[in-house]
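Chemist: Starting from the known structure of chain A, fit chain B onto it as the hints suggest.
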Amino acid sequence: MKVVLAAMAVTLLTTFADRVDAQAIPAPPVQGASAPDPSEIVGEPSGKRLTGEALELETKRVSSLLRCPVCQGLSVFDSPAEMARNMKIEVRDLLARGYTGEQIMKYFETSYGEFVRLQPPLRGVNWLVWISPLIALLVGGWIMLVRLRSRPKASVRSDESLESSEPVDESLAPYLASVRRMAYDTPDESKTPLPPNAGPVTGRDQT
Amino acid sequence: MNRRVLLAGLAITIPAILLFVVSLGRDPHKVRSPLVGRVAPDFTLLQAGSGAVVKLSSLRGKPVVLNFWATWCVPCFAEHGVLTEASRQLGPNVQFLGVVYDDKEEKILQFLRENGSAYPTLNDGGGKTAIAYGVYGVPETFFIDPSGKIVAKYEGPLTPQLLESNLQKTAGRS
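Listed in order, the protein sequences are those of chains A and B.
Each residue of the first sequence is one higher than the one before, starting from 1 at the first, in this note's numbering.
Each residue of the second sequence is one higher than the one before, starting from 1 at the first, in this note's numbering.
Bound conformation, chain B alone:
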């Protein structure tokens, strides 16, 4: 009888401990995006300030860094500098796009005046594009390869190292 109780106890506790060990260190809030590995949802958005039309699918042929952000997002402030600097360094080889999530045009323009701009900033009024991309919060960045497929997604502010490692995935290197 005691042996049976012991076996039953082990049958319950061992899987629980294994599950705990495997899950340790994982952020339970982070869920893998189902869009990674699929063609990026196409959109047409207007550039803040100029009103120029930008269609995502027209940019195929080179990697695209699609960054969702907002002026009220504190981590986005530091990340903006990283992306601006990288865009200036990489030039036309990589297309950077900023998509401002549910923000006001005047605030976007003020932010860009104060912090500089090196790539198109698009206004996603109503957040419909963010929803189509499964955005949880800002900042979030999608890395799209030259064929238009999403190869990586990063949640949180990017550092130069994280940006470089994710950009390598767009060239087929991981």
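Next up, chain A with everything else stripped away, as it sits in the complex:
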């Protein structure tokens, strides 16, 4: 059992060591070989050749705008994946050759699709992505405003004029008129006088 475990550990360590080694040292392009030429896709370089710190800063900026195809949630700059590492090297290489950031974005977009851009460009249906939060905010704000404005009016109406505005059941109208006549000497609702005393009118007071 121990022998099997030891063999497994050795195998794992060997495999891991190989992967670390492969990631630590980028494989150089094979001499005499040539990868597809970006100029056939995005034209000749239209920027200036970058070197030194400017090259590093622009490499960071551009690779931060590219989505890592393996991790998908991370930019090429942030991703530790081997594919992202190669893409970052490619970005640096293209910047050193004089390609602009936008040319490089277009080059990657040609092979990976618009998906490779972490920020969808403002065109076509992508506008929805940018403006839908604003629309949702405006519509939500408008609904809240309407609600808040209508609420106090409703409460005042119920306090002040509930008695007079309540619909009256037609079948009860004669009884209501009779009660009013007994209480106020008139069946007319609009001419209802205030009771002589400030207190409520009760049956005992009437007698």
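Hints listed in this document are in silico derivations from the structure and should not be mistaken for laboratory results.
Note that the coordinates shown come from a computational prediction; the quantities given were computed from them, not determined experimentally.
Do not take every clue at face value.
[What the hints assert, rightly or not] Computed cross-link-like contacts, DSS-like style, restricted to lysine-lysine with a CA-CA straight-line distance of at most 25 Å:
{"no.": "1", "chain 1": "B", "residue 1": "LYS169", "chain 2": "B", "residue 2": "LYS149"}
{"no.": "2", "chain 1": "B", "residue 1": "LYS153", "chain 2": "A", "residue 2": "LYS106"}
{"no.": "3", "chain 1": "B", "residue 1": "LYS149", "chain 2": "A", "residue 2": "LYS106"}
{"no.": "4", "chain 1": "A", "residue 1": "LYS60", "chain 2": "A", "residue 2": "LYS106"}
Modeler: Coordinates of chain B only, in the frame set by chain A:
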């Protein structure tokens, strides 16, 4: 008021349910390659071991099966047997090309010694060709028709059935 709330709720939930139903079963990680339908990016790579130069555009006139793989990729191991066998069967009618993504020459040669080889295996040191083809991971296979246009892309290990169905696309049959 309740009716308005109901309508507003339906207006939100029905599109969400439709979107869910339509997207069900789709792999969200898979994105259609924009290269399908376009001319395959040309490259010149050296054959592992011999150093012979292979230029993709020089192979026009017959279908090309362009397979990106690596020695450290476990699914590539089984797929290598499928591609080798198919290459032997189809002979010169279909050109198979293996492009090894970011790997070491000695490991490639060792792999080929142990598992056999029936078609050129090219070394894509630095992975620049893989990037130009929008490769996400290995194995990935591009099917190129005799005019040099990419007609299909398959992500993952190919089986004999998948290989045959995709090869039919290179002959204009789908």
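Chemist: It remains to establish, for every hint, whether it holds in the given structure.
Modeler: The hints, checked one at a time:
no. : hint                : result
1   : B:LYS169 / B:LYS149 : holds, 11 Å
2   : B:LYS153 / A:LYS106 : holds, 21 Å
3   : B:LYS149 / A:LYS106 : holds, 20 Å
4   : A:LYS60 / A:LYS106  : holds, 17 Å
Hint violations for this structure: none, all hints satisfied.
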